[in-house]
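Participant: Protein chains in written order, with the numbering used here: chain A, 1 to 246; chain B, 1 to 500.
For the record, the hints were derived by calculation from the structure and aren't laboratory data.
Be a bit skeptical, because a hint or two may be false.
Distance condition first, Cα-Cα at most 20 angstroms in a straight line; then the derived EDC-like pairs of lysine to aspartate or glutamate [unchecked claim]:
hint : chain 1 : residue 1 : chain 2 : residue 2
1    : A       : 151       : B       : 164
2    : A       : 233       : A       : 7
3    : A       : 56        : B       : 399
4    : B       : 173       : A       : 73
5    : A       : 75        : B       : 164
6    : B       : 93        : A       : 71
7    : B       : 190       : A       : 71
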Amino acid sequence: MNNTVLELKNISFKYKNDLILNKINLKINSGEKIALLGKSGSGKTTLISVLNGTIKPTQGEVKLFNKNFEELDRKQKSKITTIWQDLRLIEDLSAEQNVNCGLLAENNFYFAFKNLLNISSFKKAHKYMKLCRLHNSIYNKKIRELSGGQKQRVAIARSLIQGSNILFADEPFNNLDPKLITTIKNLMLDRFDKNNIKKSPKTALVALHRLDFLNDFDKVIGIRDGKIFFNIKKNNLKKIHLDKIY
Amino acid sequence: MNKLKLNYTSLSFLPILVCIPLGYQLINNIHFGGFKLFQEFLISAFNPKIDNEIIITVIKRLNETILIGFFSWLVSIIFGAIFGIISSNIFYKIFNIPNFFYRIIRFFLTIIRSIHEVVWGILLMQIYGINFSIGIIAICIPYIAVNSKVFAEQLENIDYRSFESINQINAPKFSSLLTLIWNPIINTFKNFGLYRLECSIRSTVILGLFGIGGIGTSIYLSFQTLNFRDLWTYLWSLAILIILSGLIFKKIKFNTTNKILSIFFIAVFFLTILFSFSYFLYFIFNSNFENFNSVSSQFNSSSDLGLFNFLKLILETIILSLLSTGIAISLPPLVIGIFNNNTSKIFIKIFAFLLRLIPTPVILLTLLFFNNPSVSLAALTLGLHNAGITSKLLFTNLESQDKRNYIAMKSLGISKKTSWLLGLFSQQAKSYLAYCAYRSDIIVRETAIVGVIGSVGLGWQLQESLSSFAWQEVTIVLIAYSSIAIVGELINGKIKNSLT
Chain A
1 MNNTVLELKN
11 ISFKYKNDLI
21 LNKINLKINS
31 GEKIALLGKS
41 GSGKTTLISV
51 LNGTIKPTQG
61 EVKLFNKNFE
71 ELDRKQKSKI
81 TTIWQDLRLI
91 EDLSAEQNVN
101 CGLLAENNFY
111 FAFKNLLNIS
121 SFKKAHKYMK
131 LCRLHNSIYN
141 KKIRELSGGQ
151 KQRVAIARSL
161 IQGSNILFAD
171 EPFNNLDPKL
181 ITTIKNLMLD
191 RFDKNNIKKS
201 PKTALVALHR
211 LDFLNDFDKV
221 IGIRDGKIFF
231 NIKKNNLKKI
241 HLDKIY
Chain B
1 MNKLKLNYTS
11 LSFLPILVCI
21 PLGYQLINNI
31 HFGGFKLFQE
41 FLISAFNPKI
51 DNEIIITVIK
61 RLNETILIGF
71 FSWLVSIIFG
81 AIFGIISSNI
91 FYKIFNIPNF
101 FYRIIRFFLT
111 IIRSIHEVVW
121 GILLMQIYGI
131 NFSIGIIAIC
141 IPYIAVNSKV
151 FAEQLENIDY
161 RSFESINQIN
171 APKFSSLLTL
181 IWNPIINTFK
191 NFGLYRLECS
201 IRSTVILGLF
211 GIGGIGTSIY
221 LSFQTLNFRD
231 LWTYLWSLAI
241 LIILSGLIFK
251 KIKFNTTNKI
261 LSIFFIAVFF
271 LTILFSFSYF
281 LYFIFNSNFE
291 NFNSVSSQFN
301 SSSDLGLFNF
311 LKLILETIIL
321 SLLSTGIAIS
331 LPPLVIGIFN
341 NNTSKIFIKI
351 FAFLLRLIPT
361 PVILLTLLFF
371 NNPSVSLAAL
381 TLGLHNAGIT
391 SKLLFTNLES
401 QDKRNYIAMK
411 SLGISKKTSW
421 LLGLFSQQAK
431 SYLAYCAYRS
441 DIIVRETAIV
451 GVIGSVGLGW
461 QLQESLSSFA
471 WQEVTIVLIA
481 YSSIAIVGEL
491 INGKIKNSLT
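Chain B on its own, in the form it takes in the complex (with noise of 0.2 angstroms):
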């Protein structure tokens, strides 16, 4: 008997089998309740709202979501690199530090990333109530920590040879730092900036659902009110939004060998700097401390989370991972490998496009028009949420991937699935699976989001905590979060190591 043979081809499909469990559940709870209204959302799509009217709010909403999601995203890009550079090796080499600071450094900023924008959002929120600020804050803090993670490792491919030859012309430390860093960071920014941004809006989106303002806020306040034309003419003005920032990205050349242009770029990046650390002290100096206070006189206040409630969320919560991931990681090349033609493959872009631009918590109220609250249904939504930007990266690397092998199956009279499957895709299965590896890290912290809509997980117990001030609960759930997401991350951090 032949046996199973698991290759990274086969590994990209095997997740797939957490449908049987995330079928049986969904099944069970499926109801046709919301049938309607749900008809009446997809009506809606093509017939959104356009008047005097909404304009206006769509201009205004747009008008803070580009503030918030551009500036957090320009502070926690700089602030990124600059973390980046002091948590990869290549600093403490250069200036003979002791890798302890390096490990304590890293360890830190793995804490802040492991804690999701939204949960920050919520939190300062409760502290330093609604505020404009608290959404560039809120995205900022675990976004620099994401950033300086994906610098540091581009700078830790630095040719060990050129950090020698540099160092042995013995110039000064910074003069040696620069020109060995130089180029990595200017090829990060380069690659990864527009993707960061893109996050940034969604990110700001995300938050506004849970009230800091912008169109996110306006798209949660159309679904309550179940004015599905408005929640569609947002969620378009939206679509357009991260369309235009991707073009205009695209247009700007980062030139480094233009002298204005170079100069430009510096003074941006020096005045951010400037104007975040101004900015962050105002902000510390002139909030109100009353509700502070309150959070510090209220951690005495006992927990009502009983140990077995607490492990029950913490498996919901990982079993909810582990299911969205599963999803994200076999349905983008089952689909694709399935419906293999033109046709479908437009539709196949514009469906996962779709999934990438609504909101998480408004994909999951939607799947509420016909199924019950549960574990299943709430990783059903982060699943496709995120299939939809693992599939964006998979379309991108097959289009230009050398389709020679491809054609040469096909010639051979191998079917159009099989010649996909084993002359294009299998050469990808590697690099994809690294990537959703990458992604998995934050599925686990997406759970909080889903966690607070679907009343699932510990997403779900941290908004009651908080809802209640029990600072207490807040804390042990923070902990249990953050520890979740950095096993989360060195499990992933070993897969993506073994798949590169």
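Okay, chain A solo, but in the shape it has when bound (with noise of 0.2 angstroms):
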């Protein structure tokens, strides 16, 4: 049976004179926990990018459930969910005005208003944002007065609200401790056994530096100059892939 979930097809992205992502394959099976590696300006961003839809390939397919992208509907498209590495929350709201704006694809427009309002109901992203580790005291602070590390995971609460069944994170665990960190990996790649979340991501990709993390993924891909060097299940990953990387 054919459980591919999103495929790369010979993707290449320009941006001015730059080749960013040189003829990209890739398949992404359901499920599959994938960590990928490479130096920073290696093109991690961008390929996270293209995979959920932000931005257009110069040239190549991006195939999302067996169909193109422009050929999905709002709730396919909504099955996807971005923790970016600059975070991307909107200043001027609270925190947990932010967590719900990751409700927005499942609720109509009068949800947003309340929200916005801050009438809406903040059982579900007040949820969220405890798994999180993120005290009361911060749910009514607007984004501009928190730290890295509680952005963080407002973010990634924000994330992991949406109830998506893909994951794409670059370089999640920025700002936080070592002991949130494993909370939060827990969380993401759903091996969290108290108060589980039903929905959490069922396929991750995620951009890491760290290689010790690596135990918690499948599959690694690892990524020089805008084209993937490996993609092997983690336990074939020897020193020498990790040379032609770094």
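Each of the two chains sits in its own frame; use the hints to bring them together as a complex.
Facilitator: Structure (structure tokens):
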């Protein structure tokens, strides 16, 4: 049975005269947890942006559930969630309003209106914020008033509350202390036992720098200068592979 | 030899050079025929008339002014926000609408706002006659376009990354739009609303000078009959109104976390839209169209305006704009810099407040006590009035600025004036010039008012053409006016962009 959820066919992306992604072919199967390794500037963020449909590749095809991105309806597209490296939170909104933004896709306009007027129910948002170890004293604080680590967890909570099947995360453990990293990693990669979130993402692709996290993943992809150098099972990863990309 | 280096600070002072040609013409045109009258005018400021009769008139007139000013403000700020949204690029990005529509709406709004409310007022009065509604409509038309520009500029500052992240959630388009624009819209309203309310009241007063009603009409009639004591009663009551409206506006907390208050604001928002639409339809279908028919029939009238005269008027309008802008930019920093002590500052603030308070036509008529009508006199009037506005901004910014540099320079033994210039003003010069670029847009439009009163430029020609129902001329003059304002806005936009 073909359980490919996302497929990149011969993807290239050019920005001005620079070739950021160079003929990338990639298949992501349902339930796979993939670590994306590479130096800064190797093309990890651009690859994630192509995968989640934010940028259109200069060349090639992106297929989600065997359909081109343009052919998908809004509901299908909302099955993808992203934790951006630069977080991309709305600075003027409070932490709980930002987390509630993750529910916009499954609700109507009236929900967005209530969220902005603070008359929405924040129960679900609070649940996810608690899971991300965010203290209730910051729920009403504007994003600009939060520390880097708090912002990071708000972005993670916003992403997880979406209940999407596919997660892309670009260096999501920045600004977090070691204890929090374990908690967040478990949340993101569906290994949470207590207070389990029912809809945690089945499939995940996470851009990383830290190699000690690789145990949590099934596969590892190495990228350098916009090219995939290896796409292997975690157990097959050897030093020689890493030497190619670092 | 040292070369003259132009930086933002020196650029703020350089336009004062306009005073050389301006002063030359003013000195040549000087006369002292109105000295006694001016003396009476000044004394009356401290001795305004206060009796039952005038108090009743003031209340009645202020009531009209508040009604016109407040309603035009409310309608223009709400519709300004709506047009601001549909003329901002974020709207087109979210809904995937081609940029072509964006350009069309922007161009349309630019034309609408290029014509001053006084011109709209005079034009509508000629078509529909003097009518209370004309005041509101005349102010609303350009103000909606002006406000929409401000809102659109704020919306275009939305971080593109926030847009991408919300877009990536794949929420319904209207939900994404609302979430992204909510805070910029609320913040613009908070920061800009009071200023626009002040502008609406001032515009109501100016339209009153042309017969729309309200306190402006009383100001003009009392000036014409040289009842300066009455005039000052009206002016001071207007000052109280402006100060009070500012205080009330500041007291109202636009707290969107308060549920009851939020629901109230939303109700006001929708009721205003509903009321405006129904009123607009009522106005269109119940107005007397006889005048309008006469407009269309006289559209065939031939124009007596010669090409040479027409070009001369255009040139006059451009010169008038440049000279006024020069004064409005350079006079405030120059005066504040020279008279840099606490007592002088109080006097400068009072003088600036009076320049903002007294409608430009009244300033011009007062200056006519000493001088013959000329481009320079009109430019001085417009420049002084706008200097009153730019100086308010400069004072506010200077007062909120970090003064450590200024104190450090003074402690080094550098003179107070030099310390002010290099330690305080130099840090403000860039943002001050950016604001002045925006202000010069308004100056170009305001040339219509002083033109009508001071017999210069296209404003005067417009009045003449309207009085003689020469509609072809009116159209030509309006197109010329609009073109100057649009070109001015384009140039100022470039300057502003390079400064911000």
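Participant: Could you run down the list of hints and mark each one as holding or not?
Facilitator: Checked hints:
1. The straight-line distance between the Cα atoms of residue 151(A) and residue 164(B) is roughly 17 angstroms, inside the 20 angstroms bound, and the hint therefore holds.
2. As the CA atoms of residue 233(A) and residue 7(A) are separated by approximately 18 angstroms, the hinted pair is consistent with the 20 angstroms bound.
3. A C-alpha spacing of about 49 angstroms is found between residue 56(A) and residue 399(B), which places the hinted pair above 20 angstroms, so the restraint is violated.
4. A C-alpha spacing of about 13 angstroms is found between residue 173(B) and residue 73(A), which places the hinted pair at or below 20 angstroms, so the restraint holds.
5. Using a Cα cut-off of 20 angstroms, the hinted pair residue 75(A) and residue 164(B) holds, with the two alpha carbons roughly 17 angstroms apart.
6. Restraint check for residue 93(B) and residue 71(A): satisfied, since their Cα atoms lie roughly 19 angstroms apart, inside the 20 angstroms limit.
7. Restraint check for residue 190(B) and residue 71(A): not satisfied, since their Cα atoms lie roughly 42 angstroms apart, outside the 20 angstroms limit.
Consistency note: the structure conflicts with the earlier hints numbered 3 and 7.
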